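Protein chains: 2
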Amino acid sequence: MSNPDVGQLQSRIADLEGLLAAAQGTGSSLPLTDAGLPGRAKIAAMSSEVVDSNPYSRLMALKRMGIVDNYEKIRDYTVAVVGVGGVGSVELANMNRLFFQPHQAGLSKVDAAAKTLASINPDVIFETHNYNITTVDHFDHFIISQGSLVEGQPVDLVLSCVDNFEARMAINKACNELGQTWFESGVSENAVSGHIQFLVPGETACFACAPPLVVASNIDEKTLKREGVCAASLPTTMGIVAGFLVQNTLKYLLKFGEVSQYLGYNAMVDFFPKMPVRPNPECDEYHCVQRQKTYQQELARRKAEEPEVAPVLVEEDVVHGDNSWGISLVSEDAEETSATAMSGETPEVVEGVYRAYERPKEAKPTTELEPSDAASKVEQSLDELMKQMQSL
Amino acid sequence: MSNPDVGQLQSRIADLEGLLAAAQGTGSSLPLTDAGLPGRAKIAAMSSEVVDSNPYSRLMALKRMGIVDNYEKIRDYTVAVVGVGGVGSVELANMNRLFFQPHQAGLSKVDAAAKTLASINPDVIFETHNYNITTVDHFDHFIISQGSLVEGQPVDLVLSCVDNFEARMAINKACNELGQTWFESGVSENAVSGHIQFLVPGETACFACAPPLVVASNIDEKTLKREGVCAASLPTTMGIVAGFLVQNTLKYLLKFGEVSQYLGYNAMVDFFPKMPVRPNPECDEYHCVQRQKTYQQELARRKAEEPEVAPVLVEEDVVHGDNSWGISLVSEDAEETSATAMSGETPEVVEGVYRAYERPKEAKPTTELEPSDAASKVEQSLDELMKQMQSL
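The listed protein sequences correspond, in order, to chains A and B.
Numbering-wise, UniProt numbering puts 75 at position 75 of the first sequence, and it's gapless, one number per residue.
Numbering-wise, UniProt numbering puts 26 at position 26 of the second sequence, and it's gapless, one number per residue.
Please note that the accuracy of each hint is not assured.
Given that identical chains are not distinguished, each listed pair holds provided it fits within a single copy or across any two copies.
[Stated by the list, open to error] Straight-line alpha carbon distances no greater than 20 Å define the calculated SDA-like cross-link-like pairs of lysine to any residue that follow:
no., residue 1, residue 2
1, Lys303, Asn280
2, Lys63, Ala231
3, Lys42, Thr78
4, Lys63, Pro235
5, Lys255, Tyr71
6, Lys255, Pro235
7, Lys63, Met268
Source of the hints: derived by calculation from the structure; they are not laboratory data.
This structure is a prediction, so every number in the text was calculated from the model and none was measured.
Construct the complete structure from the given sequences, taking the supplied hints into account.
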């Protein structure tokens with residue numbers, strides 16, 4: 001074999017340089033992300049300066065608008081996100097979601113997600129852990145108590161994004177034990193409803209306080225799933241529920257607005273049930289009941305310390321309690337309820353349900369509305385719902 | 001200068017091949033996207049087969065779940081998306097949104113968006129047009145009447161994602177003239193509220209039917225904007241409003257669920273006002289009034305054709321009319337209302353507003369709720385609101 005010609009080698013180098021420039025974005029001097037594409041440089045301090053080169057100007061504008069007192073504080077917080085849709089590697093079937101990109105097929109889901117996120121915002125520190133939290137060994141590993149940026153402190157919040165009961169119960173147990181505030185989230189098997197729930201051990205219901213059917217009857221979850229059938233999933237529903245989760249995370253961490261204790265989403269009719277969820281004193285979860293006792297003692301202590309002349313303010317410090325806005329609850333159809341129960345969502349039908357508004361009898365030519373005075377009461381208790389589900 | 005050494009050239013080639021492989025994802029045989037990364041191959045027909053290599057299995061599962069009759073139909077539709085946040089090139093300040101990636105800085109926004117989207121789903125055909133729709137010349141160009149996949153037919157839907165009144169009014173005029181169904185969307189200047197609106201010329205209110213303050217008083221929008229101040233923007237709020245827009249687009253095109261005529265989002269308290277929006281017979285927009293007349297004639301014709309024994313069904317074919325669910329409307333705070341009005345959102349406070357639910361006096365140990373019978377009426381008419389805004 002003869003030596004390669006210098007001209008051929010130089011031509012090959014020019015070709016490769018061209019391909020590499022194309023792959024990386026032509027003529028860019030930006031640092032490369034791990035995908036080999038140019039990303040932006042890290043930014044040491046968040047600025048509110050209105051210049052094109054500042055990616056934070058529109059978030060920092062929230063301060064000037066009077067929405068958030070101190071947006072920079074976001075940099076001090078640590079959030080543990082549990083679950084990116086099951087342990088495993090990224091498959092094409094996951095590619096209907098923006099999180100995973102085709103060239104990442106075969107990577108572990110946590111690594112693929114971390115790489116995508118790091119390329120979007122290099123200022124965030126990502127730490128990945130890839131294991132099953134539901135086995136006993138791994139549960140010991142599931143340490144959220146040391147994850148803070150401040151040495152030895154717990155994380156500021158846990159976000160549950162898992163897709164099964166067992167994992168939710170593992171997170172619930174860990175958070176009750178540690179007194180860790182967390183958000184639970186989920187989308188139904190038919191992809192057209194979802195919810196988020198805010199859980200403060202002792203103060204709000206834990207995940208076991210109002211147990212869904214599968215957990216309550218100790219049925220093996222796997223026996224409920226149909227063989228060879230995959231659940232539906234809609235990026236729109238997932239995006240909206242994820243939006244609710246992150247928006248309420250921002251409200252909780254940055255202390256603006258009101259955090260919703262339970263917020264549901266029914267995509268078919270754009271209905272959003274919202275309600276406070278109180279803890280169950282007879283909850284099966286040992287640490288939940290202990291946390292409830294501690295919380296009640298704390299409330300009693302605070303009340304005792306109040307000056308006698310002051311009006312009685314119970315739960316004075318519960319910033320994120322009930323909302324001052326209207327809440328309306330209406331029944332879902334039976335199919336939806338059953339799908340919801342099977343996929344681990346809190347049943348959204350409770351006792352004492354009203355329609356807040358009836359359609360006016362005649363079409364009106366303007367945009368003004370006159371609600372009917374007679375609200376129709378939908379009677380369906382949680383007990384009845386449980387009976388219906390058990391008979392299925 | 002001496003000739004380069006063959007060994008050096010070969011070493012350089014090996015380095016470049018390594019860098020290129022890293023930039024493109026190692027050892028992949030997938031087709032390259034325009035960013036030089038491996039994408040997935042096009043898929044000729046959508047399949048519901050549950051295999052890891054099928055990115056459509058979880059969307060097609062919506063058929064088996066009884067949600068959507070024919071998901072494949074999505075491939076026949078053409079949607080015109082107007083606006084990706086202002087004409088211009090992509091700047092770092094846009095990078096707080098997932099749509100634009102750091103290596104795209106300097107591209108036009110429509111091209112950057114199209115490239116990102118094409119790399120996510122190569123099965124969608126993207127056609128980009130980059131111009132200002134509000135100038136007369138460009139308005140003539142703004143042809144949505146020939147955009148269908150079927151030669152000579154109009155697009156199936158127009159989505160307005162523009163950020164100013166002038167552009168909304170241009171789209172409104174074009175759609176009224178063409179009888180084109182469209183969705184309008186927007187996020188407030190303070191980034192914590194937003195809305196979508198469904199507009200069917202003649203059947204629902206057009207964008208000029210209930211004119212917001214700026215349009216009504218013919219004020220130049222630019223004089224309302226403060227110098228050197230940029231509006232706040234939150235990816236969460238934008239993501240949720242975009243989710244509502246696309247979810248309702250899917251419901252409209254694939255004929256499932258109910259399309260919301262007006263759906264608002266208040267992030268501070270997770271409140272979602274929803275209402276039908278009827279056309280104004282005295283609307284200033286010439287084609288809107290013409291469309292209303294045609295629609296009323298059509299309704300009358302249908303009514304006349306009904307068999308005499310049948311019950312009177314007015315608007316029989318209006319699939320996406322009012323919903324059968326509760327609707328509750330409550331007032332927003334004054335600041336929010338004013339920001340909303342300035343950024344072009346329909347005022348969400350209307351006459352006759354009730355609280356559907358009052359917080360129970362005592363905390364309950366379970367998750368069951370008992371709504372109070374006494375609903376407090378919030379009295380604030382649209383007229384009062386307009387007066388308040390005019391006095392600002």
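When no copy is specified for lysine 255 and proline 235, does a C-alpha distance of 20 Å or less occur within a copy, between copies, both, or neither? So lysine 255 and proline 235 pass the 20 Å test across copies only (18 Å; inside, 29 Å).
Intra/inter-copy verdict for lysine 63 and methionine 268 if alpha-carbon distance must be at most 20 Å: between (36 Å within a copy, 14 Å between copies)
Intra- versus inter-copy proximity for threonine 78 and lysine 42 (alpha-carbon distance at most 20 Å): within (18 Å within a copy, 40 Å between copies)
Within, between, both or neither, where lysine 255 and tyrosine 71 count as close if Cα-Cα is 20 Å or less: within (10 Å within a copy, 42 Å between copies)
With 20 Å as the alpha-carbon cut-off, assign the pair lysine 303 and asparagine 280 to within, between, both or neither. neither (22 Å within a copy, 56 Å between copies)
Tell me, please, which holds for lysine 63 and proline 235 at an alpha-carbon limit of 20 Å: within, between, both or neither? Between copies, since 16 Å is at most 20 Å while 31 Å is not.
Same-copy or cross-copy closeness of lysine 63 to alanine 231 [CA-CA at most 20 Å]: between (42 Å within a copy, 11 Å between copies)
Violated hint for the displayed structure: number 1, the only one.
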